Structure formats: structure tokens, C-alpha cells
Amino acid sequence: MNLRHRLRDGLREYVILEMQDPVPENHELVNVGRGWSLESRLLQWAREDRNLRVLRDLVYSHGHLTARPFTSLSAEEIARQAGALFSFGLLRLARAPLPERTVAPHFGEVPEVAPPVVDTEPLWLRLQVVDDVTDVPISGIKLRIQLGDESEQQATTDSEGRIDLKDVPQGAANVLSVLDGATLDNTLALVRTGGPWSQQKPSKAGSKGKESSSTRVLARIAEHQVSDGETLESVAEMYGLTVDALAKFNWGTTDPKQLQYHLLLEVGCTRKDAQGRYVFSSEDVPGVLRVPRPVAVPRMAVEQSHILRVKRVPEAQPYMFSL
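Just so we're aligned, residue 17 is where the sequence shown starts under the numbering used here, counting upward by one.
Quick caveat, the hints were computed from the structure, so don't treat them as lab data. Here the structure is a predicted model, which is why all the values come from computation and not from measurement. C-beta atoms are modelled at their ideal positions from N, C-alpha and C, and glycine is treated no differently. Heads up, a few of these hints could be off.
To be verified - Each computed DSS-like pair below joins lysine-lysine, with the alpha-carbon atoms no more than 30 Å apart: (1) LYS327 with LYS182; (2) LYS158 with LYS182; (3) LYS264 with LYS327; (4) LYS273 with LYS288; (5) LYS327 with LYS158; (6) LYS264 with LYS158; (7) LYS288 with LYS264.
Claimed, not checked - Here are the in silico distance ranges between beta carbons for each label pair: (8) LEU27 with GLU319: 55 to 61 Å; (9) GLN186 with VAL301: 50 to 56 Å; (10) PRO115 with MET35: 26 to 32 Å; (11) GLN320 with SER250: 42 to 48 Å; (12) SER243 with GLU319: 48 to 54 Å.
Could you build the full structure based on these sequences and the hints that come with them?
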């Protein structure tokens with residue numbers, strides 16, 4: 017067996033065997049076909065010089081009748097003569113195994129190992145709401161707190177203006193005020209956040225906030241300028257509020273008769289609909305409705321105490337007009 021007679025096709029290598037040669041270990045016999053398909057395949061291989069030399073050597077070594085000495089055969093003739101040798105079974109083709117460098121190494125299955133359980137101390141978050149001028153703590157303010165794992169809690173400041181959360185997850189927390197029950201009288205505006213507790217001036221001794229009989233609300237106030245075609249209902253819907261919530265915030269009442277009075281006195285309405293109720297117009301002076309909007313304080317770090325400094329909102333002045 018002459019293992020020098022090898023054909024190459026890319027990474028693949030084929031050994032040409034004589035009829036009597038045994039198939040080498042780990043090699044696989046290939047059905048080369050017959051006729052035109054066989055010659056076409058051999059011609060394709062013969063386009064590479066090395067393969068052409070191997071096939072020519074085989075044709076000459078088998079003394080084929082047309083392979084006369086000193087006659088240079090073309091690639092097409094070589095393919096045709098070699099094809100005849102394969103067709104008659106004088107030659108066979110065996111596919112050699114791929115070289116080890118082209119075969120991906122076998123990796124044994126790695127058992128899954130659970131990550132080690134790390135004992136961590138419980139985390140905490142502390143907030144305090146105080147008056148920006150007096151440092152007096154403010155009780156009764158309800159806040160929504162979104163934690164690092166996107167869970168959410170609602171809490172209300174106690175008599176010391178504090179909210180203490182324990183066993184909170186890793187990550188910063190986002191704080192959003194709750195507008196339930198907001199009126200101009202009980203609404204406070206955020207002035208600034210004070211940062212870690214240790215960097216703030218402490219509350220004055222003995223000046224604990226009184227327990228509020230009603231909810232305090234932290235909010236910012238947007239001023240909406242009314243225009244033609246708007247109603248109290250449409251403005252409330254625009255801001256995601258109910259009519260009662262918008263009316264209660266501006267005037268502390270939902271009584272229809274009282275609302276008509278405030279629309280005249282404070283919004284400056286002059287037009288009425290077919291039912292005799294005031295409607296908004298771009299000519300109304302001052303033509304302003306106050307709308308509560310939630311206050312958001314983002315990315316408050318856990319394992320720290322934070323101070324929110326607030327102040328009372330300016331009291332609304334009634335519109336003075338002359339007849």
C-alpha cells in the first residue's frame with residue numbers, strides 16, 4: 017500500500033488504495049460513483065497541481081494503454097483515465113480522519129455549581145422630612161418608595177418626620193409623593209434634599225412634629241391656563257385627576273354651588289353654558305387652575321439617612337375684579 021497517493025480537498029484528505037490494499041485504521045471507504053460524475057469529481061481535484069501529479073503517477077504506474085511514455089496528458093485525459101481505473105475497481109478511495117488540530121477538543125460536562133451563599137447584613141433606608149427654615153419635623157406625609165429590586169412600599173412620616181425601612185434590597189431607591197387628599201392648605205413644596213443625615217443640622221431639641229389629624233402632601237404645583245372649550249372635567253382628565261380631586265385641591269370643596277362661586281371669584285370665569293354653569297374661556301382673568309403634581313426624588317442610596325426639606329406653598333390670593 018502506497019500511502020503517498022493522497023488527494024486533498026480543503027481540510028479533507030483521501031488515500032488512493034490498490035484493489036488489494038486494506039483500509040487504513042480510522043479511514044472510511046468512499047463511493048466515488050461512475051461515469052461522468054466520477055470524471056467530473058476527479059477533474060475538479062486535478063485542478064490542484066499536487067492532486068494532478070498524484071493522479072498522473074497512478075495512471076502511468078498502471079500502464080494504461082493510452083498513457084504512452086513521453087506523452088504529456090492533459091488534466092481532462094488524466095481524469096478520464098483515472099476514472100476508468102476506479103470504475104473497474106482497480107483503485108479505491110478512502111477518506112482519512114481530520115487532523116487533530118481541526119477537530120474541536122472534547123470537553124467533559126462540567127457540573128453546575130451553585131454560587132456560594134453569602135451572609136449579608138440587612139440593609140436599611142431612612143428618610144426624614146423637615147421644615148427648611150425651622151428644622152421642625154413634618155409628620156403625616158405619605159410617600160411611595162420604589163426599591164432596588166423594583167418592589168414598592170408606601171409609608172407615612174411619623175411624629176419625628178421619619179420613615180425607617182429595614183431589610184431593603186441592594187440598589188438605590190426612588191421616592192415619589194402620594195397626592196391622595198391634597199389641598200392647597202395641606203400641601204408642602206420640596207425645597208431641596210439634604211443628603212446623608214450626618215451632614216445635616218439636627219432638628220431642634222424638643223421640637224417634634226405634632227401628629228397630624230389629616231394627611232400632609234408633598235407636591236409641586238403646576239398652573240394651568242384655561243382656554244376656550246375646556247371644562248373642569250377636561251382639565252382634571254388631562255392631568256390624570258378626578259374632578260373632585262382637582263376641585264378639592266383648589267378650593268377645599270366639591271359642593272357644586274361653592275364651585276361656581278370659586279370659578280367666578282378665583283378663576284375669573286364670565287361665560288356660562290346652557291345650564292347656567294361657568295365654562296372656561298381664554299379671556300378669563302387670571303384664568304388659572306392650580307394642579308398638584310407628584311414630587312420625585314430619584315436614586316437615594318440605601319444604608320444612608322436622607323433629609324427632605326420642605327416649605328408651605330404660597331396661599332392663593334382671590335382675584336379682585338371691578339364691575
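Consistency of the hints with the structure:
1. LYS327 with LYS182: holds (28 Å)
2. LYS158 with LYS182: holds (17 Å)
3. LYS264 with LYS327: holds (21 Å)
4. LYS273 with LYS288: The given pair, whose Cα atoms are some 14 Å apart, holds under the 30 Å limit.
5. LYS327 with LYS158: Roughly 16 Å between the alpha carbons, so the hint for LYS327 and LYS158 holds.
6. LYS264 with LYS158: Given that 30 Å is the threshold and the Cα spacing comes to 18 Å, the pair holds.
7. LYS288 with LYS264: holds (22 Å)
8. LEU27 with GLU319: 55 to 61 Å: Because 59 Å falls inside the window, the suggested range holds.
9. GLN186 with VAL301: 50 to 56 Å: Between GLN186 and VAL301, where Cβ atoms are some 54 Å apart, the hint holds.
10. PRO115 with MET35: 26 to 32 Å: holds (28 Å)
11. GLN320 with SER250: 42 to 48 Å: holds (43 Å)
12. SER243 with GLU319: 48 to 54 Å: Holds - the Cβ-Cβ distance for SER243 and GLU319, about 49 Å, lies within 48 to 54 Å.
Hint check: no violations occur; every hint is consistent with the structure.
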